[in-house]
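Below are the chains, spelled out letter by letter.
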Amino acid sequence: MLAYTMRRLMVAIPTMLVIIAVAFFMMRLAPGSPFDTERALSPEIRAQLMSFYGFDKPLYIQFFDYLKGLATFDLGPSLIYKDQTVSEIIGSGFPVSMTIGLAALLLATFVGVPMGLFAALKQNSLPDYSIMAIAMAGICIPSLVTGPILSLVFGVYLGWLPTAGLDLGKMTFETLLLPVVTLSLAQIAIISRLVRSSAVEVLRSNFVRTARAKGLPESQVLAKHALRAALLPLVSYLGPACAGLITGSVVVETVFQLPGIGKNFVTSALQRDYPVVMAVVVLYAGLIILLNLLADLAYGLLDPKVKYE
Amino acid sequence: MTLLTTPQEKAELLEAAVKGRSLWDDARRRLFRNKAAVGSMIVLGFLTLMAIFGPFFWPHDYETIYNDRVLEAPTWENLHIFGTDPQGRDLFVRLLYGLRMSLAVGLVATGVSLLIGVIWGATAGYIGGRVDQIMMRIVDVLYALPFIFFVIILMVVFGRNLILIFVAIGAVEWLTMARIVRGQTISLRKKEFVEAAEAAGVTSANIVTRHIVPNVLGPVVVYVTLTIPAVILTESFLSFLGLGVQEPMTSLGNLISIGAREMEIAPWLLIFPATTMMITLFCFNFIGDGLRDAIDPRDR
Numbered sequence: 015m016l017a018y019t020m021r022r023l024m025v026a027i028p029t030m031l032v033i034i035a036v037a038f039f040m041m042r043l044a045p046g047s048p049f050d051t052e053r054a055l056s057p058e059i060r061a062q063l064m065s066f067y068g069f070d071k072p073l074y075i076q077f078f079d080y081l082k083g084l085a086t087f088d089l090g091p092s093l094i095y096k097d098q099t100v101s102e103i104i105g106s107g108f109p110v111s112m113t114i115g116l117a118a119l120l121l122a123t124f125v126g127v128p129m130g131l132f133a134a135l136k137q138n139s140l141p142d143y144s145i146m147a148i149a150m151a152g153i154c155i156p157s158l159v160t161g162p163i164l165s166l167v168f169g170v171y172l173g174w175l176p177t178a179g180l181d182l183g184k185m186t187f188e189t190l191l192l193p194v195v196t197l198s199l200a201q202i203a204i205i206s207r208l209v210r211s212s213a214v215e216v217l218r219s220n221f222v223r224t225a226r227a228k229g230l231p232e233s234q235v236l237a238k239h240a241l242r243a244a245l246l247p248l249v250s251y252l253g254p255a256c257a258g259l260i261t262g263s264v265v266v267e268t269v270f271q272l273p274g275i276g277k278n279f280v281t282s283a284l285q286r287d288y289p290v291v292m293a294v295v296v297l298y299a300g301l302i303i304l305l306n307l308l309a310d311l312a313y314g315l316l317d318p319k320v321k322y323e
Numbered sequence: 022m023t024l025l026t027t028p029q030e031k032a033e034l035l036e037a038a039v040k041g042r043s044l045w046d047d048a049r050r051r052l053f054r055n056k057a058a059v060g061s062m063i064v065l066g067f068l069t070l071m072a073i074f075g076p077f078f079w080p081h082d083y084e085t086i087y088n089d090r091v092l093e094a095p096t097w098e099n100l101h102i103f104g105t106d107p108q109g110r111d112l113f114v115r116l117l118y119g120l121r122m123s124l125a126v127g128l129v130a131t132g133v134s135l136l137i138g139v140i141w142g143a144t145a146g147y148i149g150g151r152v153d154q155i156m157m158r159i160v161d162v163l164y165a166l167p168f169i170f171f172v173i174i175l176m177v178v179f180g181r182n183l184i185l186i187f188v189a190i191g192a193v194e195w196l197t198m199a200r201i202v203r204g205q206t207i208s209l210r211k212k213e214f215v216e217a218a219e220a221a222g223v224t225s226a227n228i229v230t231r232h233i234v235p236n237v238l239g240p241v242v243v244y245v246t247l248t249i250p251a252v253i254l255t256e257s258f259l260s261f262l263g264l265g266v267q268e269p270m271t272s273l274g275n276l277i278s279i280g281a282r283e284m285e286i287a288p289w290l291l292i293f294p295a296t297t298m299m300i301t302l303f304c305f306n307f308i309g310d311g312l313r314d315a316i317d318p319r320d321r
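Residue numbers (the working numbering), protein chains in the order written: chain A, 15 to 323; chain B, 22 to 321.
Just to be clear, a hint being listed does not mean it is correct.
With the C-beta cut set under 7 Å, the calculated list includes, among others, these residues of chain B facing chain A [what the hints assert, rightly or not]:
1. Leu135
2. Leu166
3. Phe258
4. Phe261
5. Ala281
On the chain A side, residues computed to face chain B include the following (Cβ under 8 Å) [as the list claims (entries may be wrong)]:
6. Ile34
7. Met64
8. Ile145
9. Ile148
10. Val159
Hints in this document: simulated from the structure, not taken from any laboratory. Remember, predicted model here, so these are calculated numbers, not experimental data. Here a beta-carbon is modelled for each residue, glycine too, at the ideal position from N, C-alpha and C.
One chain only, chain A, in its complex shape:
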């Protein structure tokens, strides 16, 4: 297993390099520049700025400079917010996105898994159909609809919770509740459908029949035999989903005006703040690779059929 992990990590290095290169050159070869302000800069000042940030060098040299910086965790200064480094921007946005994302994922798992299992146990009955109808609704009603409606109902009409905004460093339960719920609805739907279909298959499999034939009580059959196998697909889903959620749902952060990474990303891309955009891409790609590896390792621990060559 150690050898397997090492090999996966070795493969991850070229993968990361390719991702960084694609993002870097796509960003740089595109028209537009961070110095396009409303008032045109004089050519001298522009040239000064370009040389200060190293943009006057050939592109491939800039690329290697960027890699060098990345290797020493130096992400450089932000081009737009002159008083902040990229690390500071990411450092202030990431905790917000991560808290919301992880909370949403936890909520989704704790609600979605029992829903899916229950539906599978009552297959083709009224409870099954109603749960799957709810799940279908969760998939079909996007967060850009649920977000505003939830904030209107609980924030404006009932006045129970704040509608939007978050003071940095003050992530209270009240301010986070609506974004977390909004973000988790679709995940609850996906997870419960995933768990239902795998549980249906597992409940019909030979080893469950054997366990029943041995005369095990139904509770033991489910808890000891069926549950583990039924949750396997969930493990490989949670890896990438986790990366997507903690790097920020752009829509939810926009609706609730939260200072997370997703929001940062869109504004930075619009303003051509290259280092910030690159940092988010690198962070996300790294997280996906890492979490996929973790998911695969967890898969191996849970499923005795999987062997790491």
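Fit chain B to the given chain A structure using the hints.
Below, chain B alone, put in the same frame as chain A:
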């Protein structure tokens, strides 16, 4: 059981035996027995017809501005049955245009992903070996790309070009398609009927078109019907962030984002587009689920 049959019954039996039912006939029968799927097809067909032909019969145009009718609630007067928007434009006709745009994005982007995905996956799966490894390695790398971020970068740097929206979304949705097709192709290559065809001297091109592609089609069709709503959602996210379709043209996501801004004073601006979008997504998902159950009925 044949002992007691009359010649006439025998002929009928024989005919039934000759006719036989193909897998696709079976699938069709199962699909049409699925009420949710059939209902969805009818609703979706109606919505599509409305989106395509509705604007021709409507007295208002999507960009006509009525300065004296800003934010009017739904009313029969002047036929603003869904009300008007903050610029004083008729919401009903804008909704039809928005739906048309969203459906078009969904279909075209899915078409792009289908084209790339099927060719990529079938080639990798059929050739196998080193080619397969390299091709799927590329897919793995692309999977780790934060793809919504890439669409955003694309939209930001190249401007909000309509064709680009189609291509950009399609270009990020083909990865799963390629994986599905490759997996199917590999498992089919080892099936006896493909071996038999090879032994009989059928050419590779014919094996791919006559034996591989028709058998890969099932999962692909299912995945396509589930990709279309996903694409419509992606486009609506982009429009919501102000990166999608540009005014005065509109899409469901664009209408919803306007509605979300105005929902306190003009809830109809959110309710109608949001409902239309939900119905559309519901339909596609029900049809997709129905197709999956029909083509691969293991779960039910």
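Okay, the hints, checked on the actual structure:
1. Leu135: Violated, because the Cβ-Cβ distance from B/Leu135 to chain A comes to roughly 21 Å (cut-off 7 Å).
2. Leu166: At about 6 Å, which falls below the 7 Å cut-off, the nearest Cβ of chain A leaves the hint on B/Leu166 intact, so it holds.
3. Phe258: 6 Å, holds
4. Phe261: Since chain A brings a Cβ to about 5 Å from B/Phe261, closer than 7 Å, the hint holds.
5. Ala281: Nearest chain A Cβ about 4 Å off; hint holds.
6. Ile34: 11 Å, violated
7. Met64: Hint on A/Met64: violated, closest Cβ of chain B at ~18 Å, above 8 Å.
8. Ile145: 14 Å, violated
9. Ile148: 13 Å, violated
10. Val159: At 4 Å from the nearest chain B Cβ, A/Val159 passes the 8 Å test, so the hint holds.
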